[in-house]
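These protein sequences, in sequence, are chains A and B. The first sequence lines up with residues 0 to 413 when you count with the numbering used here. The second sequence lines up with residues 0 to 413 when you count with the numbering used here.
In case anyone wonders, no lab produced these hints; they're calculated from the structure. Be aware that a few hints might be false.
Copies of the same chain look alike in the list, so a pair counts if it works inside one copy or between any two.
Below 20 Å or equal to it, Euclidean Cα-Cα: the simulated SDA-like pairs (lysine to any residue) are [what the hints assert, rightly or not]:
(1) K115 / T49
(2) K224 / E10
(3) K130 / L114
(4) K195 / T72
(5) K115 / V196
(6) K270 / T412
(7) K270 / S295
Number of protein chains: 2
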Amino acid sequence: MVAEIMSVGTELLLGQITDTNATYISQRLAAHGVDVYYRTTFGDNLERVTEGLRLALSRADAVIITGGLGPTTDDVTREAIAAAFGRELVMDESARAHIERFFAARGYAMTSSNLKQALVPQGGELIANPKGTAPGVLVEADGKLVFAVPGVPREMQAMVDEAVIPRLVAALPKSLVIRSRVIRLAGIGESAMAKKVEDILVGQANPTVAPLVGRGDVILRITAKGESEHEVERSITDVESRIRERLGEYIYAVGEEPLEYWLVQALTERKETLSIAESCTGGLVSDRITNVSGSSACYLGSVVSYDNEVKATVLGVSRDLLAARGAVSAEVAEAMATGVRRLCGSTYGLAATGIAGPAGGSPEKPVGLVYTAVAWPDGVESAEHRFHMDRLDNKQRASQAVLLMLHHRLRRTA
Amino acid sequence: MVAEIMSVGTELLLGQITDTNATYISQRLAAHGVDVYYRTTFGDNLERVTEGLRLALSRADAVIITGGLGPTTDDVTREAIAAAFGRELVMDESARAHIERFFAARGYAMTSSNLKQALVPQGGELIANPKGTAPGVLVEADGKLVFAVPGVPREMQAMVDEAVIPRLVAALPKSLVIRSRVIRLAGIGESAMAKKVEDILVGQANPTVAPLVGRGDVILRITAKGESEHEVERSITDVESRIRERLGEYIYAVGEEPLEYWLVQALTERKETLSIAESCTGGLVSDRITNVSGSSACYLGSVVSYDNEVKATVLGVSRDLLAARGAVSAEVAEAMATGVRRLCGSTYGLAATGIAGPAGGSPEKPVGLVYTAVAWPDGVESAEHRFHMDRLDNKQRASQAVLLMLHHRLRRTA
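Next up, chain A with everything else stripped away, as it sits in the complex (with noise of 0.2 Å):
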């Protein structure tokens, strides 16, 4: 089966935002053995969503278009997807239903142009949207299907994971099993990681090796094909470990989730606590913990200590030794993470200062330095690291650091 990708919106051809749904519709594709040859972008356009729209439906099986489903007259994809099939737009009574009563729930004022997102395509049906009001569309006619789902990636990921790839596996012609697995690794670099691999990842068909770099997260995702789930996992689990004899000791789980999901899990299988001290990274520590639902089962608070004298006032940092070493010192970490452990009564304090930029640096304390240090009840460490990133960048790569610091203090009394 080979499906192709339509993104639109004059946003992305204005390079206002990026079309990470593109992305990660590609990913789910491609992790099910759909093969895509063309992906192609369009302003807010009738007329050229539609010709790019039959275009499409005559060298692909399968289209999934995203964005241009909502409320404005800007929004062009139902009327594309009609007259691309030369069908009418008709209401769907159940949705316009739906519509009036999440806007009459929610005590909101409904105006008649909410009502667009209830019209379908003559014979097509609505997707349901379980994270907003703007359902998707389906059109299945010709032996194509066409799936139009919305621009708003977290409504978009749910609508392509629970309605089109179930719909287009279903139609695949045989029931092929595909299944990937996620090595996640840290303390090491992407350069560094690929070449101890490079003959795994070379030359590779299936299962393929493929490479991920996030901000701070090395992956390396493993894809198999195969006739039964038996076949694919046993040949998913070989190259993991052929991975795991040269990488082993950077891999720090296997999953799809994110290492503060890790550090949640492990802290609440042990009943142990966690707090947090930040300067540098302002509270992106805490909000990457809390991300995690149920980490209140393991998490009690944080002081985000950005001025000096909440570092001594609230977290009990010397004065004496802010005025000695400065507030950016691995003594100040580790002040800071004893001070919130103490005051939180948690099991770990965690701590993170540095200068995170564009300003605030000198030749002795440059920007992108941070010290993080973690806090345990008979003891303390500290680690010194240098970014050389943006603002933002230094702190994910900080909360990053702090947060591998926890996962070595457990995996060291595991």
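Fit chain B to the supplied structure of chain A, relying on the hints for placement.
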């Protein structure tokens, strides 16, 4: 002038990397008044890239291709350009010498495939690559321009800035000025906003007005083209005035930067300071404030009081109040705001407490219920909100709500 962007690389279609190159080139073209109606993405397939280039040439004045210029047999962009114009590939002797010198100087072994990078379609020219070995390609024929640049972002960016954009600007019919202005709104939904300015959004040509919706932010971008800075700015200001007549009460800023930037600006100008107490937002509000460079001038610190003991011992929220009203209540939000303000000695204290979900809700206090509060030197007030998103979006909406409370407070005492 109309340009089209083609991205070449199988890794894009597999979703292994996100196409930030297309975003970059789109931004650069938009900034210089070059229209883009289509972007297309291809795998490393000679036939499909050649066909795609022919189609692009049929509908655009210029085509910019990224990727497929490397030394491996996978790389087909040179061959596709030659094929689309029906020309031979010939060796560029000065490029050949340059590549030989590059390898000799570094003591690297050169393979014959490296010399492939010195090939150019007959009559075309090579574009120097200041950051790598692969030169770009420029072919001008039949009144059309085709540029090919590598897919490595920093090489691509340098070559677009130094070669592609200057050549396109020189080819523009006259010196066109293009400017845009971003109007930021809060307290109104996308549909309601669109309805109020429907006649301005519809049938616009120059200036154009495009709505953009972020997480909790509603944005209108006005873009105008013209022959002079003066003319363009005046036509943008005219449209802004029309928008202000309808939506003035919802406009909180004009500019590219997000809400937190404007708050940091305002507090710094007023020489006032801020501290934050976070429960359900888990550090996100602080993270947003500290994403603003220079926020240390007004932002002192935060307490993330996830655990009720931290609310009581660090922020001084009364245990009786916590027991009587529950942590998710207007009274506790106000006590958190006044508590963090007193603890940090700031002019303003902000607080958010609620249930982010998916767990933790009850019939009386459902998921998405959030109380926000702002405390100032002689008062405190709170507000109740109901969000209907998932955990991360509820956190985002709550962070926007509490920052907007501060905005309204500052405006009332401006």
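Evaluated hints:
no.: 1; hint: K115 / T49; verdict: within (18 Å within a copy, 40 Å between copies)
no.: 2; hint: K224 / E10; verdict: between (37 Å within a copy, 17 Å between copies)
no.: 3; hint: K130 / L114; verdict: within (17 Å within a copy, 53 Å between copies)
no.: 4; hint: K195 / T72; verdict: between (53 Å within a copy, 13 Å between copies)
no.: 5; hint: K115 / V196; verdict: between (52 Å within a copy, 17 Å between copies)
no.: 6; hint: K270 / T412; verdict: within (14 Å within a copy, 48 Å between copies)
no.: 7; hint: K270 / S295; verdict: within (12 Å within a copy, 36 Å between copies)
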